[in-house]
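My request is simple: use the sequences and hints to build the entire structure.
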Amino acid sequence: MDELRLLLNGFGVVLTWYNVMLMMIGIIIGVIVGVLPGLGGPNGVAILLPLTFSMEPTSAIILLSCIYWGALFGGAITSILFNIPGEAWSVATTFDGYPMAQQGRAGAALTSAFTGSFFGALSGVLLITFVAPIIANFALRFGPPEFFAVYLLTFCSFIGTGKEDKAKIVISICIGLALAAVGMDTISGQLRLTFGQNLLLRGFDFLVVVIGLFGIGEILVTMEEGLAFKGKNPDMDLKVVLKTWAQLPRYWLTLIRSAVVGCWLGVTPGGAIAASFMGYGLAKKFSRNPAGFGKGAIEGVIAPETAAHAAGTSALLPMLTLGIPGSGTAAVLLGGLMIWGLQPGPLLFVEHKDFVWGLIASMYLGNIAGLIVVLSTVPLFAAILRIPFSIIAPMILVACAVGAYTVHGTMFDVWIMLLFGIVGYFLKKLDFPLAPLVLALVLGDRAEDAFRQTMLGSRGALGVFWSNGLVGTITTLALIILVWPLVSQLVARWRGRPDAVGPGA
Amino acid sequence: MTTLIGLAKGAGLAALFAATLWTPAWAWEPTKPVEIIVPAGAGGASDQMARVLQNVIGKHKLMKQPVIIQLKGGSSGGEGIMDAKMSAGDPNKILIAHSAIYTLPLATDLAFSWRDLTPVALIAMDEFILWVNSDTPYKTPQEYLAAVKAQPEAFKMGGTGSKREDHIITAAIEKAQNVKFTYIPYKSGGEISTQLVGKHIDSDVNNPSESVAQWRAGQVRTLCVFDDKRMPFKTKVTSDQSWGDIPTCKESGLDVQYLMLRGIFLPGGATADQIAFYVDLFKKIVATPEWREYVDTNALKETFLTGAAFRKFLEEDEKRHRELMTSAGFVAVK
Chain L
603 MDELRLLLNG
613 FGVVLTWYNV
623 MLMMIGIIIG
633 VIVGVLPGLG
643 GPNGVAILLP
653 LTFSMEPTSA
663 IILLSCIYWG
673 ALFGGAITSI
683 LFNIPGEAWS
693 VATTFDGYPM
703 AQQGRAGAAL
713 TSAFTGSFFG
723 ALSGVLLITF
733 VAPIIANFAL
743 RFGPPEFFAV
753 YLLTFCSFIG
763 TGKEDKAKIV
773 ISICIGLALA
783 AVGMDTISGQ
793 LRLTFGQNLL
803 LRGFDFLVVV
813 IGLFGIGEIL
823 VTMEEGLAFK
833 GKNPDMDLKV
843 VLKTWAQLPR
853 YWLTLIRSAV
863 VGCWLGVTPG
873 GAIAASFMGY
883 GLAKKFSRNP
893 AGFGKGAIEG
903 VIAPETAAHA
913 AGTSALLPML
923 TLGIPGSGTA
933 AVLLGGLMIW
943 GLQPGPLLFV
953 EHKDFVWGLI
963 ASMYLGNIAG
973 LIVVLSTVPL
983 FAAILRIPFS
993 IIAPMILVAC
1003 AVGAYTVHGT
1013 MFDVWIMLLF
1023 GIVGYFLKKL
1033 DFPLAPLVLA
1043 LVLGDRAEDA
1053 FRQTMLGSRG
1063 ALGVFWSNGL
1073 VGTITTLALI
1083 ILVWPLVSQL
1093 VARWRGRPDA
1103 VGPGA
Chain X
132 MTTLIGLAKG
142 AGLAALFAAT
152 LWTPAWAWEP
162 TKPVEIIVPA
172 GAGGASDQMA
182 RVLQNVIGKH
192 KLMKQPVIIQ
202 LKGGSSGGEG
212 IMDAKMSAGD
222 PNKILIAHSA
232 IYTLPLATDL
242 AFSWRDLTPV
252 ALIAMDEFIL
262 WVNSDTPYKT
272 PQEYLAAVKA
282 QPEAFKMGGT
292 GSKREDHIIT
302 AAIEKAQNVK
312 FTYIPYKSGG
322 EISTQLVGKH
332 IDSDVNNPSE
342 SVAQWRAGQV
352 RTLCVFDDKR
362 MPFKTKVTSD
372 QSWGDIPTCK
382 ESGLDVQYLM
392 LRGIFLPGGA
402 TADQIAFYVD
412 LFKKIVATPE
422 WREYVDTNAL
432 KETFLTGAAF
442 RKFLEEDEKR
452 HRELMTSAGF
462 VAVK
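Top to bottom, those sequences are chains L and X.
To convert, take the position in the first sequence, counting from 1, and add 602; that gives the working numbering.
To convert, take the position in the second sequence, counting from 1, and add 131; that gives the working numbering.
Incorrect hints may appear among the rest.
Said to hold, decoys possible - Here's a subset of chain X near chain L, in silico, CB distances under 10 angstroms, partners left out:
#, residue
1, Gln185
2, Val198
3, Gly205
4, Asp214
5, Phe444
6, Asp448
Hints are computed from structural coordinates only; laboratory data are not their basis.
Virtual Cβ for every residue (Gly too), placed ideally from N, Cα, C.
Here it is in structure tokens:
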């Protein structure tokens, strides 16, 4: 148990008043950054990075990683209250979190989101503490076919469980893929769908589109339905925290499943976003009550949050041990490490023991501090829903516009956001699911790159997706999940019980 | 300004007078925060360089206005260079350029030429090294290329993007040695480095900084550097090798040379005074110990050119890219 000794040593490094103070500051800034749509973890960390150049590397990374934890926690808040994902990985949280808030269960939704996040993070840190070297080598086994298989699994686990009209799901995915294709094509080095417009060179930023589709779209729908939040009289007592906790042990399987999915995707740089979608999809698939999903199921909040936070935390592992960032924020932290004179990579754990174990210890403490901070603000945030819609809506609109502007600092993005607000409104009216569009937008180009890299390497042979145990298992699993609704439907029909047709039909 | 006011309050007008004398009087100074446009993604080499510049400028108080870093990495940096082009006349923006300023307009229909911008200074050059996995038996480029020659297209060369520096070098090796790789484009050098360790590719031509961690851990091996002479760094990086121990490709019988510029540009239409300010600023930056350390740890080639010399360099470098890309068939038909 050499790790335990090193970890205790790490706690010794971290537990100074100065560091604990930095930790609290970091968490609070992080929560704010997470709440403001568009600002996001990577931007928050990047803005504060210069301030840390003069600090000790250990103190600096504590401050910055705590911003990261705070942003992970904070992302859930606006998703649940206003259907606006503050962070990309919070999109899946809106699916059930927002309906819960509309039913007056905002407090319960926030509490379960935060607790799920904490559980996920804790699993991620435990992973880093005890099995870092083994896991780091596992990540090395991921080449293009493996990455594509993971993306395929994410798509399939999400789509195979969709209740909506399958044709509409496919159309929604196609729109997302088309949007994801705008800009430079990595494989051919050519520009696609930019029509000679400089503004399109950047492609469509995921966050801008999501703020429009979800945030603005929701405001338009609410305006049409009578200028009032449905979530009147939210539970705004701290007791709601305890009441929700009493229910959580029932969902232990969801928690563990999401934590595993999250850790796995965080380590293999699939990222927190894929993890949150996959966590949600799997929870729905294996739930005893899949019909309740999308209508305010507590599991639907726990699952994506746990997975996202587990992935966000374990994403730091490949960053530290291999020097590859698993997420945007990790990429900025990576840049920071180099400026402080630390070279991330296989030797970091050997050469900078104090720093690494200090960081790991701060992950434990930072998450505990984060949980306390966010839980104590649950009633405060739930109370926002008591403000009349006519006052809060313009504020949300402004926050959305500022958020969209901040992503790249251009006015063009604000117009894009408004455009997608209108698109989102019509898609909702026409019952098109938005989630497949978002998923395709965020993973589409990565999946495409991975597929085409694979095909280049195998010279077009599809057998490469079953060329070793790892990729074969993931691909097969993905295909099974994809066709499962069809199979279960056929089985039901064959048994002559048409009433037993599954919800996936 | 704050420091000047602080001094004045502390020591009176005499100090202020002295301080004013100390500060060289520029005919022009930035009037608002200076934006550094990084035509690359977060955490990459250009981003790191920008952060070092930001750190050095702040620490040594080389400029009164603060520095803001804007990442505009869309379309392999096309977003950033077009933003610089569109900002003509704005002297509070600078671009950290890399070879995309030639390769993008040649490979795509992007309407850009570096002549649209105002060249300020060439501040460094990036080296490229031929890397293989340490588990392979190849110790020299000739051994490796003989194996590649024996099995055309069986060896995978990983590189950043398509029709860009890594791809150009690969095409140049293929032409020089009459071999054929399967080139696999990836998004970043960091990703490629890990892919090489995981044996998903057989070789790459990463910059020193992109693979140094894996080199030190003994996971990858250097074959040669694509420069005309060895790198000057003598400090041991691995247990027994320094950057300077790596032979050049030319001395190993592979006559391919490629270096990538790291240059500073202002948008078009900058005045002589504005150029003078930034030239002076970067002269000071490259003289600081922080910059030295950065150049050493990342094994950059120290280079500093301004004015007509920089312009001449750009003309020649562009011509070379055009030749290399034409012979590789990378130039878009317009």
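Q. Given Val198/X as an interface hint, is the shortest Cβ-Cβ distance to chain L below 10 angstroms?
A. Cβ of Val198/X sits 8 angstroms from chain L, so the hint holds.
Q.
The hint names Gly205/X as touching chain L; please verify it with the least Cβ-Cβ distance against 10 angstroms.
A. Interface hint status for Gly205/X: holds (3 angstroms vs cutoff 10 angstroms).
(Q) Min Cβ distance, Phe444/X to chain L: is it shorter than 10 angstroms? (A) Since chain L brings no Cβ nearer than about 25 angstroms to Phe444/X, farther than 10 angstroms, the hint is violated.
Q: Double-check Asp214/X for me: the hint is only fine if its C-beta lies closer than 10 angstroms to a C-beta in chain L.
A: 8 angstroms, holds
Q) Against chain L, is Gln185/X within 10 angstroms by beta-carbon distance? A) 6 angstroms, holds
Q. Can we keep the Asp448/X interface hint, with Cβ of chain L closer than 10 angstroms?
A. 19 angstroms, violated
When the structure is compared with the earlier hints, violations turn up for hints 5, 6 and for no others.
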